[in-house]
Each structure stands twice: as structure tokens, then as C-alpha cells.
Amino acid sequence: MPEQPGKSAIEVRGVRKVFGTGDAQVAALDTVSVSIRENEFFTLLGPSGCGKTTLLRLIAGFDFPSAGEILLHGQDIAPLPPFKRPVNTVFQNYALFPHMTVAENIGFGLEMLGKPKAEVKARVAEMLKLVKMEALSNRRTSQISGGQQQRVALARALAPQPKVLLLDEPLSALDFKLRKEMQIELKRLQHETGITFIFVTHDQEEALTMSDRIAVMSSGKILQVGTPWDIYDKPAERFVADFIGETNFLTAAITGMGNGKARATLKSGATIDATVAEGFQPKDNATVVVRPEHAKLTSGKGDLSGTVENIVYFGTDTHIQVRLDSSEAFTVRQQNTRSAGCGFERGDKVGISIGNDAAQVLRD
Amino acid sequence: MASRFDIRRQTGFTTIAMICFFALYLPIVTLVAYAFNAGNSIAIWEGVSLRWFYQAWNNSQVVDASIRSLQIASVAATIATIVATMAALATTRTKPYPGLGFKYAFINQPLMVPEIVTAVALLIFFSRIKIWTDYSGLGYLMAAHTAFCIPFAYLPIRARLENMDLSLEIAAADLYATPWKAFRRVTFPLLWPGILAGLMLAFVISLDDVVITEFVKSGGQDTLPTYMLGQFRRVITPEINAISTVFLLISILIVTVFFFISRKKDQE
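Protein sequence lines, in the order shown, are assigned to chains V and X. Here this note's numbering is used: the first residue of the first sequence is 1, the next is one more, and so on. Here this note's numbering is used: the first residue of the second sequence is 1, the next is one more, and so on.
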């Protein structure tokens, strides 16, 4: 997608990263281009080995691209060593200096930049306040809890006021409750500091709840970039649809186009409208995806028909797994109420109606 | 978690342990005890006295040899530790490549080559240099000691480096530390206990050496161990025991000091 020039904090242009030599060569990043806007909470999302951490390391300067450019506010930083880049990192294992106190850790970057002592002290105090760690400033980093170490790591990376903050799966070592707290904390810090955050995670839920925009990566490529809403509701590719949330895949014949939508005829014979990624011309046969919560189960006739195979209760909702007459599997998610069950039983003959604007045609 | 196999419950464990314990320490206890013997024998007890300590203290040969030993050990251990630190950094802060194993072997060569072979080689090599340069000072002994002390200093330093979290150095670089500053502020302070261990080990090894020193030394360059060896060829008096006892105390002191320093560092 076209970007307005000058508005991007980081611009990755045709970056390749190859590890190994000869026959053992592996392309960890296969010609990736992406533009990250200023003051944005941008997430690189993908399974392990997809290249998201490699991309982050290239931006940080811990590795150098085999080809391509990385622009920071228009300047190519790809050949610079890490200590010459106004970019700081929050490491997955925090990498706090064990021989220094909390305050010394936070002040390290400023000290290395040669800032005067008084300025360092003032900034460290400000950072301690920002992450609510004033009381523990003289502790050793081994004497504080995991969540507290996380806060120190954040404060240390934010203290030199980097142009971009890189976060390498920083929440993965925390337990569920602490992780939720830190997600909110991170959003607050990003909002208060106005710094561009580039966040790496494999947790799709974390990506959806925190990001302004997400880049979904797989096998060294960026498959789709968009807002969480775009990514979830309008997945362009099978991998994106499958990796994020639960999805039903339906085979369909494309019988026409109009208003940016495709007319898709399903195996059941029903025809539905499905959105299509911008600029994509679907072929005759395509896969259509429908999220489980965008379909409705009826006891009468719907767009699809089938038999209830299984009912799984999840507290907030119930997943009803249906075997369609076309032998495809389809799951419907139904909000629970206190008063009654889901209204269906295993073996019931049911219909499924797919709402308006619920279906998306995949690019593959 | 209870271990399934407890060696202390095996039959004969206590007996074997006691035999080993006595075999190790009984001779040393005897040696120390006879240092306080009032008589002239190292085997016949004639009462308690400090006379052999006085005698050793007033024996200029013993004092000279001791000072020489300490001089050589200080210089050799210091240089060996610096070289070993650089070698350890070079062999751990790099991606493994073909030939790295050979370099390990090369650095640790003095541990594998029989000491007597090194000693003879050095004797021949140094005698050539002596002829060319006409220099016959302590430099030869210091150089020789430095060479065989390197692997002893290298091993603990490398162990420490291998256990160190590499992301700490990366984090320092990320926070604007140049490679030199990152080394000084992060790697070196964390490596310090390893360097100290290497230094002390090298120091003790140098202090203790007989074979290489015996071959390399020129006339009048006796170290304490070679002096003691020389004494055995003549009359053996408890003076030797007294010297050994002091030697032992110094070694124990060094090890104890190191133990406390490294323990304090680890707690941080």
C-alpha cells in the first residue's frame, strides 16, 4: 500500500537476510518491504521461525541485511553498528546487567551517550516514576521479581528517548495475569512517550489487542499488513486466516464481481457476497472464509445445512461443530446466556445462515 | 528431590573415604608437625620449638629463593592471565568455525606435552638466545613460566565466559556502548571472578614448578622449590619442613581469599 513520504519512522526496503553458505543457505527474510509509521504500535506477528525476530535484529543492528535498505526517518541505517542507532531494544530475557542496580541499569544508555551526571539522574528518576519502580531503585536486578525486571528493561530502553523502541516477545516469560497487566502498561507507555513501538510476538491475541497495525509473517515473508480489524475480518491469505483466530474454510465457485465484492456460490448451492482484497481478481474457484461468530445456526433452512457433531462449552460462548452435507467441517460460535443452553443437541439437522458482509475470498 | 542413588549408602564408602582422607592429609600433618621439632631430625621428635622457622628466616638463600619465586610467579601469572583473557574472549566470542578445536588444543598444549619435553626444549632454545644476546637474567624463567601458566589461567576464564549471557553484551551495544566500553562496563566486571581465579591458579602453579625451572635456571637462580630439592641432596633438617609449612599457609591463604571473593561476586 502506498505511504505518504516522510511520515514513516522505519522503512524496510527489499531486505533479504540469508544465513549459511552454499547448499546450506537459508533465507530467513525473503525480500521484505514494510513501512512503519511514526508513533505507531506496530506488531510483527508470526509463528517461530517466520523471520520476525530476524527483522527486528536487523532494525536494531545486531545483524546486517544481505540485501536491501532500512531507513530511519529517511536515512539508511542498515550498515550502522547498534551503538550508532537511535533505536533501543527490550529483550525477551530482559538482559539486565546483573552487577548493576536498577537505577544504574536505567541510566546506562544515557551514560554511554555521554550525558552529564545531573541529566542522567533526573532522567532515571523520571523513568523510575514512569514504570512505578521508585521504591526499588537501589536493588540489584536479581533481587526483584520477573514483572519488575520487565519494567526495568522497559525503562532502560526508553530512557535514552529512542526514535523507535523494539520489543522482542517481552511478555512471553510472564504468567497470564501479569501479561495482561503489562499489555495495558505497554499501551500506556507508548501513548505517554509517543515513541514508535515495534513489537514482536507469536501470540495473535496479544497482537490484536495491542497493535495499531500488524504485519503477519510466515517463512521469511510479510503476508499482510493492516489494522487488527483488517487482519481479523479481511484476511487476504489462507495462512493469515488460519493463524489468527478460528476460521471456517469453504470451497466456492466465483460467479461474478460487483461493488468490490465477489458472488460466491457454495457447494450447498447458496450464493453469498464475499469481500475481496484490493486489486485482487479471484479465479473461478476460490476459498471463502467465514469466522465462527459471523454465522448463525438455525433449525430451519440456511445458506448451508448439516448435522451437529459436537458441542463445546467455553463459558462466554459455545462452539457448535457441524458436519456440512458437503462433508466440510463448519464451526459456529454462539454467545451464551444464563437462562438456557445453546438450543441444539448432537445429531440435530441444522441450517447455517451466513450474515451480510461475513465472508472473505482468499487470495490463494 | 531425593536422588535415587545415594553413594553414601554404599557398603565400604566410609572406609574408602577415610583411607583417601588419611592418605592425602596424614603426610602433610606429619610434615607440619615436624617443622616444630626441636631436634635435628625430621623423623625423631624431641620437643616443640620454633628454631627451624628462625633458621629458615635467617637463611639468606631461602629468603632470596622465596623472593625470586614470588617475582617470577607475579610476572608470569599476570602476563599469562592477560594473554589467557584475550585468548578466551577470542575463542568464545566468535561463531564456531573449522579449526577452532585445533586452537583450543594449541592454547592448552602445555597441559598435554610432558613437562620434561618442554623443559628440554626450552633449555636448548634459551641457550641459543643466551649466546646471541648475552642476557642471562630472570627473563627466561619468567617467559617459561608464563607459557605453561596460560592454560591454567585460560580454563576458568573461558568457563566463566561460556556461562555468561551473550545478550548482556548485545544489550550494552544497543544502549550506545562502543565495543570497548561494553567490555569495560559489562563483560569485564562479570568476568572478573574468572580472571581472578585464573590469576591465582597461574600464580600457585608457577610458585610450585620444579621441572621446567630446574632446566631453565642459570646459576644462582634457584626458586624455593628448586632450592628445597637441592637441600635434599645434602643434609635434611626440619628447616625444609618449616619452609614447606609457610609455603602451605600461603597457598591456603590465596585459595581462601579467592573463595570469599568469588562467593561474594556470585551472590550479587
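Treat the hints as calculated values from the structure; they're not laboratory data. The structure presented is a predicted model; accordingly, all values stated were derived computationally and were not measured. A couple of the hints might just be wrong.
In silico lysine-lysine, DSBU-like type, Cα no more than 30 Å apart, as pairs [what the hints assert, rightly or not]:
id, chain 1, residue 1, chain 2, residue 2
1, V, Lys84, X, Lys217
2, V, Lys261, V, Lys283
3, V, Lys163, X, Lys181
4, X, Lys95, V, Lys117
5, V, Lys221, V, Lys296
6, V, Lys115, V, Lys187
7, V, Lys177, V, Lys115
8, V, Lys221, V, Lys132
9, V, Lys261, V, Lys234
10, X, Lys103, V, Lys84
11, V, Lys84, V, Lys7
12, V, Lys221, X, Lys181
13, V, Lys180, V, Lys221
14, V, Lys115, X, Lys181
15, X, Lys95, V, Lys121
16, V, Lys132, V, Lys163
17, V, Lys129, X, Lys95
18, V, Lys180, V, Lys115
task: Kindly indicate which numbered hints from before are broken by the structure, ordering the numbers from low to high.
output: Hints 1, 4, 5, 7, 8, 10, 12, 15, 17 and 18 are the ones this structure does not satisfy, whereas the remaining hints hold.
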